[in-house]
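Colleague: Generate coordinates for the entire structure from the input sequences, incorporating the hints supplied.
Read in this note's numbering, the sequence shown has 221 at position 223, and its numbers run on one by one without any break.
Hints listed in this document are in silico derivations from the structure and should not be mistaken for laboratory results. Incorrect hints may appear among the rest.
[Unchecked claim] When the alpha-carbon atoms are kept at most 27 Å apart in a straight line, the in silico DSS-like pairs for lysine-lysine are as follows: (1) K238 x K226; (2) K266 x K254; (3) K175 x K300; (4) K266 x K233; (5) K189 x K163; (6) K269 x K300; (7) K199 x K189; (8) K233 x K300; (9) K233 x K254; (10) K300 x K266; (11) K300 x K238; (12) K233 x K269; (13) K163 x K199; (14) K266 x K238; (15) K226 x K300; (16) K238 x K269; (17) K189 x K175; (18) K199 x K166; (19) K189 x K300.
As the structure is a computational prediction, the values presented were derived from the model and not from experiment.
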Amino acid sequence: SFSGLLSWLKEYKENSDIVTESSTWQEQILENEEAIALSKKDKTIQHVEIFSYASQDSHEDVEEAGALQRNHTSVISANPTEAANSAGLPPEDESLLTECFEMPAEQTPSSQSAQVVNDAEVTGEKENHSEDKTSEEETNDYVPIATDTIEQPKKNRITYSQIIKEGKRFNIDLVSKLLYSRGLLIDLLIKSNVSRYAEFKNITRILAFREGRVEQVPCSRADVFNSKQLTMVEKRMLMKFLTFCMEFEEHPDEYKAYEDVTFSEYLKTQKLTPNLQYFVLHSIAMTSESTSSTIDGLQATKNFLHCLGRYGNTPFLFPLYGQGELPQCFCRYLNSI
-1 SFSGLLSWLK
9 EYKENSDIVT
19 ESSTWQEQIL
29 ENEEAIALSK
39 KDKTIQHVEI
49 FSYASQDSHE
59 DVEEAGALQR
69 NHTSVISANP
79 TEAANSAGLP
89 PEDESLLTEC
99 FEMPAEQTPS
109 SQSAQVVNDA
119 EVTGEKENHS
129 EDKTSEEETN
139 DYVPIATDTI
149 EQPKKNRITY
159 SQIIKEGKRF
169 NIDLVSKLLY
179 SRGLLIDLLI
189 KSNVSRYAEF
199 KNITRILAFR
209 EGRVEQVPCS
219 RADVFNSKQL
229 TMVEKRMLMK
239 FLTFCMEFEE
249 HPDEYKAYED
259 VTFSEYLKTQ
269 KLTPNLQYFV
279 LHSIAMTSES
289 TSSTIDGLQA
299 TKNFLHCLGR
309 YGNTPFLFPL
319 YGQGELPQCF
329 CRYLNSI
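Modeller: Spelled out as structure tokens, the structure:
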């Protein structure tokens, strides 16, 4: 406490030895100030920091850089004719006087001092000119930097504290899984009225990454004809194949010979372009390229097309609050019975 500190200072002042200070340090102590020596360590005081605010520079002797001291007695007229006229010399002597001013060996002490002053003024002007030039160069160099900063705005990095602060604005599902809109689970939720306690979000589009580009997969008939990634021939090929997949069970002759091969090999026999084969295999059927058979691929493609249009352009739904919300929906339903 403050009272304890005052008592300690009083006790320390009575018991401390007189420490001899140097004359330079004693001169900096004012009349109304008193020095307290901290040469001995005391366990009751901790975390002591020493700050010195005494100014070490005397402002009286400070001079401005580049200042010139001109002696007025040594300054003479720069025009020799004026000096000759003031001295009352004839014109012939004026020419001689002019020549004397031009000869450096015959200069008088007064003219030498004037020349020193003039040279100092010239050098001062050169220095000022060079300083102005360097300042202009610095400003010219600074202008592109300013434009660069305007053209390239700073990207704000997201920190962990910001994520915690904005945590209510997003959800991260640790076990994320998409549900088919006509799947068994959705049908069970609808028939049991548990869907009243659940909220779902429709997946708006399906993207595929191929050859370094992210492309949207055309799912419905409208997406196929509005797609700018497919040519007219590819659009006709894709629509013909998707129409066949919807009714492939009624045409067994089209796939009976390929039941023992993989679905990827079967797609190559249907005269589909590599772009269409990639879309059908990885984004529509979503089957393995090496293990899925032809029947599995056709059935997966049919299921994909069968779920289209029920709740949106894609066949997938996602629980708004994650998969962990579904068991809670069943619990709420059982409590309400």
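Colleague: Each hint needs a verdict: does it hold in this structure or not?
Modeller: Hint by hint, here is what the structure shows:
no. : hint        : result
1   : K238 x K226 : holds (18 Å)
2   : K266 x K254 : holds (15 Å)
3   : K175 x K300 : holds (20 Å)
4   : K266 x K233 : holds (17 Å)
5   : K189 x K163 : violated (40 Å)
6   : K269 x K300 : holds (19 Å)
7   : K199 x K189 : holds (19 Å)
8   : K233 x K300 : holds (18 Å)
9   : K233 x K254 : holds (26 Å)
10  : K300 x K266 : holds (19 Å)
11  : K300 x K238 : holds (13 Å)
12  : K233 x K269 : holds (13 Å)
13  : K163 x K199 : holds (24 Å)
14  : K266 x K238 : holds (15 Å)
15  : K226 x K300 : holds (24 Å)
16  : K238 x K269 : holds (11 Å)
17  : K189 x K175 : holds (21 Å)
18  : K199 x K166 : holds (18 Å)
19  : K189 x K300 : holds (24 Å)
Against the hints set out earlier in the document, a violation occurs for number 5 only.
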